[in-house]
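Asks: Given the coordinates of chain A, work out where chain B should sit on it, guided by the hints.
First to last, the sequence lines map onto chains A and B.
Heads up: take any position in the first sequence, counting from 1, add 14, and you land on this note's numbering.
Heads up: take any position in the second sequence, counting from 1, add 33, and you land on this note's numbering.
Check before you lean on any hint, since a few could be wrong.
No more than 20 angstroms apart at the CA atoms, straight line, and that leaves these computed lysine to any residue pairs for SDA-like [stated by the list, open to error]:
1. B:Lys87 <-> A:Arg141
2. B:Lys87 <-> A:Ser137
3. A:Lys77 <-> B:Ile126
The set of hints was computed from the structure by calculation and includes no laboratory data.
Computed from a predicted model, the values in this text were never measured in an experiment.
Listed below are the residues making up each chain.
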Amino acid sequence: MDLEMVRRQRMNEIEVAQISCGSEYTGIQHEIESAAEQVGAKIIFPDIDLEEVEAAEAKFGLKVTSPDLKLMLARAISVVEGHTTADAVFIGTCFRCAEGALVRNEIRRYVHDKSGLPVISYSYTERTTADTLLTRMEALTTIAKRRSLLAREKQSGLTAGIDSGSTTTKAVIMQDNEILGFGWVGSTDVLESAEEAYSIALSESGIERDAVQAIGVTGYGRFMLGKSFNADLVQEEITVNSKGAVYLADRHKGAATVIDVGGMDNKAISVQDGIPGIFTMGGICAGASGRFLEMTAKRLGVDITELGKLALAGKASNISMNSYCIVFGIQSLVNSLSKGARHEDVAAAACYSVAEQVFEQQLQEVEVREPVIMVGGTALIEGLPQAMRELLQAEVIVPPYAQLIGAVGSALLSSGFIEE
Amino acid sequence: MANIFIYPSNSLILYDLVERFGHKPLAVMQEIKKRVTTAGIDSPPLNITPEDPKIGLKYAAVEVPAGVRGRMSLLDPLLEDSEAAILVEDAPIGFGCMGCQRTSELVGFLIRAKRIPILELSYPTSDDAAENFVYQISEFLNGLGDGKEAKNE
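Bound conformation, chain A alone (with noise of 0.2 angstroms):
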């Protein structure tokens, strides 16, 4: 590589401000480096004095006991008062510490409070690893050096989006700002579900392969997609499903909260003016997804989409539920039913259950600001966007073809390609 290319390349390299107590310690600082890099970003860590750590505590308003997270508090202080700076912040602690998670949440709130910058943070273990990081890495980069890509609100010219999901894949076509067609299938071989998808889309589209101008792809095949589509944009999740949900839910301007229950894991992203701020993505436990709710449907013996109708006629609080797994959840309505339960009531108790999880476990890490946007195949089951209208006392929006979202999102961003 000649010189001019490693400037060029450093040019762009966006700089992560690393704030974090833990990491260099658990073995997993190389995996978080690793998963920068592969996003063409450089983790920094904010040069701090030995007096700036002790007066930390007194400026921040926090006390705390352990000196890294004194260390943290003095680097969140550097970033936002500008002595450090970065384009975006990665906000680290260990799992299971709760000093550690005070810190986290608070110093992710300061930052994005009073820097603006993108932040993202995550409680890590020693079996964290760069592909754990990589879509929250991508996502944090394109916030911070993208902003353009994302001003977009309309789609225009005749593209295509493809998201390869863990549960199912999901192909549309759209042309002026109209989805033409879609399809939506299973997930099995992420290539073969791929183009499945995307044939019955354009089919129903009534459009010639040959004739899509720009094609985006997303979800967890989307390197494998990219590739074999030759996508002009591949793009995480976290991007294309909030440009999907504002776009689709007409809320292009101002707060909201998107919320996707996926099959494998859950995205809760707060939004301001359609561009993520501070989101989270996990990972909670199969409990909390939209796999359990597919135990729910088959244990009662109905199809999924017919699972969200019986739960609205239910009423969850008759319903004992003593865990949250995905094992002894299904155990407890199991029993229930043994019992004499409704069916109404079991579909309604699994709908909270799902809500009540990703309440309590994700929603406490982002700030929840109206509308709360519901998206994914799982918003169509009714009873979970109730749940969590109950839950959060606000305003749930589930728009038209929400289960569509990342494959949405992606016609909508990939048709900036035409025009470039």
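Replies: Using the frame of chain A, we list chain B on its own:
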């Protein structure tokens, strides 16, 4: 010469005092040095390798933060080899620290549970207290003899 565990375990002042009185200080820098200089370990100077926290499982199970296990993997050989200990409480960060209060609490407990000679001191906050601090350390270290007495005490 006795093996003296010091806490904070990266305190250069304690390290120096122990050495001056003819004993062997056990400090975390020695463990980090092994990782930095050992051929084949590809992550220096990041303190530990991804495998190290598994050693920490000896002291802290998975419900404990991973950073505690990682730190304990560094401290394990020091705890094992210790024949006496000097623990300084409430020291400012500049005097030395392990970064994590939970690790400090665990290490304090483990070293006391070994039933070896221990000198526990508060960090001095005046000149007189500092003189007394050094005096107490010198008395403690001189009283240990060549280390064999320390083991049997």
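Asks: Now tell me if each hint is right for this structure.
Replies: Taking the hints in turn, this is what the structure says about them:
Taken as a hint, the Lys87 of chain B and Arg141 of chain A pair is honoured in the structure, with Cα atoms around 11 angstroms apart against an allowance of 20 angstroms. Note on Lys87 of chain B and Ser137 of chain A: the hinted pairing holds, with a Cα-Cα distance of about 18 angstroms set against a maximum of 20 angstroms. Among the hinted pairs, Lys77 of chain A with Ile126 of chain B is consistent with the structure: their alpha-carbon atoms are about 15 angstroms apart, no more than 20 angstroms.
Checked against the numbered hints above, the structure violates none of them.
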